[in-house]
Every structure is written in C-alpha cells, then in structure tokens.
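Respectively, the protein sequence lines represent chains P and C.
Its first residue numbered 2, the first sequence is counted upward by one per residue in our numbering.
Its first residue numbered 58, the second sequence is counted upward by one per residue in our numbering.
Some clues are possibly wrong.
Unchecked claim - List of simulated lysine-lysine pairs, BS3-like, C-alpha gap at most 27 Å:
hint : chain 1 : residue 1 : chain 2 : residue 2
1    : C       : Lys96     : C       : Lys81
2    : P       : Lys6      : P       : Lys76
3    : C       : Lys160    : C       : Lys81
4    : C       : Lys126    : C       : Lys164
5    : P       : Lys82     : P       : Lys6
6    : C       : Lys164    : C       : Lys81
7    : C       : Lys96     : P       : Lys6
8    : C       : Lys126    : P       : Lys82
9    : C       : Lys160    : C       : Lys126
10   : C       : Lys96     : C       : Lys164
11   : P       : Lys44     : P       : Lys82
12   : C       : Lys160    : P       : Lys44
13   : C       : Lys160    : C       : Lys96
14   : P       : Lys44     : C       : Lys96
15   : P       : Lys44     : C       : Lys126
In case anyone wonders, no lab produced these hints; they're calculated from the structure.
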Amino acid sequence: QVQLKQSGPGLVQPSQSLSITCTVSGFSLTSYGVHWVRQSPGKGLEWLGVIWRGGSTDYNAAFMSRLSITKDNSKSQVFFKMNSLQADDTAIYYCAKRGGGNYFDYWGQGTTLTVSS
Amino acid sequence: DIQMTQSSSYLSVSLGGRVTITCKASDHINNWLAWYQQKPGNAPRLLISGATSLETGVPSRFSGSGSGKDYTLSITSLQTEDVATYYCQQYWSTPLTFGAGTKLELK
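Only chain C is shown next, with the shape it has when bound in the complex:
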C-alpha cells in the first residue's frame, strides 16, 4: 500500500497570509493526487485533482504542485472560510489512500 504522509497535523495561520500544506507519498504516484477540504460536520470537498487541476468553483487562491512523491497545496491570501482540515489522496494504485490531514488554525 502507498502511505501518504502530511508532515503537519496542524498549521497556525493568519488571515491574508500564504499557507503551504505538504504531502509525501511512499512511492511515486505520477501526479495521481487529489486534495480535499473538510469542515466540521461536512463531507470532504474536492479541490484539486491530477496534482494541479483546480475543480470548477474552487477559488483561484488554491493551487497544487509537485511531482514524483512530493506534493503541495498552497493557499494565497487565506480567507476565514478556508479554515478547515485538508487531506491528500493518491489514486495511482489501490487501495486508494489518504493523508492524515492538516488542520488550519487561526493565530
């Protein structure tokens, strides 16, 4: 199984600031990576697929990058509504696997 590691369980962030969330796969996943946002009481929401492709309706302040084993989700000019938990997911091979999540907290 491919293990997905999000190195930060929590990030302390400021409104208007830039946030970088990292995700590392235990094997190469060839950009077959998705990012999700989850708020309490809700199902995850797909933000990015293919490591870099923004889903329709997702604000352009969100972006994804990376290759091989290492991937990043960036949020520029953080808004209040962006405070949530973010998960990465690889879909290169089954079982499909997720990172443990990175929770954003306001300073």
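Just chain P, with the same shape it has in the complex:
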C-alpha cells in the first residue's frame, strides 16, 4: 500500500536550515509528483512546493528564495530543505503524494518543527 514516511529533526535554531527526507513506498516517484505542505495554528495549511515526476519543481513564491526540493528515484526518497528559519516557520511539515490532479491523496505522518533558540 502507499506510504510516505518522513524523517527529520524537530528543533532547530533561528537562521538554521530544516532538512526532511520523505521515503515513499507503494508507488514510483517517476509516476507521481510529491508535494510539501505545512500547517501551523496561525497560518493554517500552506502549500510549499512540488517535485514533479520528471524532476522539475514548482515553489510557492513566498518561499522560493529559501526552499529546495530534490529526489532520488532509485531510493524512493524526496528531500526537502528550507533555509533561514525563523520562529514563524514553526509548524508541522508534510509530504504528500499527488493524486489525479494537484490534490493530495496520501500524506506522510508529518514532521513537527520548532524554531527556537
């Protein structure tokens, strides 16, 4: 069955970077894109970006300057990196599989990030 499993740190200091690995199973990264979404009490659900099955990416303009999404198809892994973190980046970060359109039919378990010194 389709699964997305996330790994990454839960606490980073201001100005540092966040790196999360999303390891997928039950589907191929060459067949489906993987999106990244975050959720916070203050801003709700925010779409961050996507890596398409062909490897190209699209980012939310609000985050484009400090966001990078890459992947390794052979390892079924997607890599998320966000730089220059501040306190308002505190949120739960999710990877999610693209469905038949740009909606999300399967989600990772989430990575809870706290940005604090």
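Following the hints, complete the assembly by docking chain C onto the known chain P.
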C-alpha cells in the same frame, strides 16, 4: 493567489443530523476543488476531489457539490467519527491554497 473562504470556523452539530460546510473561492476554480478531513494528531485525509468525486473508502454519507466559486461539503446522518475539522483546497492554479477549516463540535 486564489483565496479560499470557509465562512464557518465552527459548526455545532447533532449526531444523526445533516451538516453543510461551505467554501468560497476568490476566483472561478472550475470544480478543481478537494475536501479533506483532519482529526487531532493526524494528517489530513482526502475525501473528495473534482468537487464531487468521492474517494474510495469514504462513506457515501459524504458528498460534494458546487460550481464556479461556491462549493459545499455535505454530511448526512452525522456519525461520531465524523467529528473533525474539514478543509477545502483549490488546485486550479498555483500557489495551491486551502480554506482555514471548519471544526465540527457536538451539541
């Protein structure tokens, strides 16, 4: 960016009753709308795509309707397990955007 407005942040509901959750887009989204259910501690769960297409495994008491800018998620005969927060999401254009959510609370 397309703004998604869920007019009710909270709805007080009764078991066995009918629930209607509304979502309005700031521009036409041509039925490119999804609905999600989220329970505390869990990731959102996809219920409906294409405004009206029920995902496999989702109970038939859930239904979606709407067109243009205005969309609705309905739940008939509300069950205990339906008490959750519901979000709409447009995928007509990027950035993909979500509503702020409607939380169901039992009367």
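Hint by hint, where does the structure go against what was stated? Just the numbers, ascending. Checked against the structure, the hints that fail are numbers 4, 8, while the rest are satisfied.
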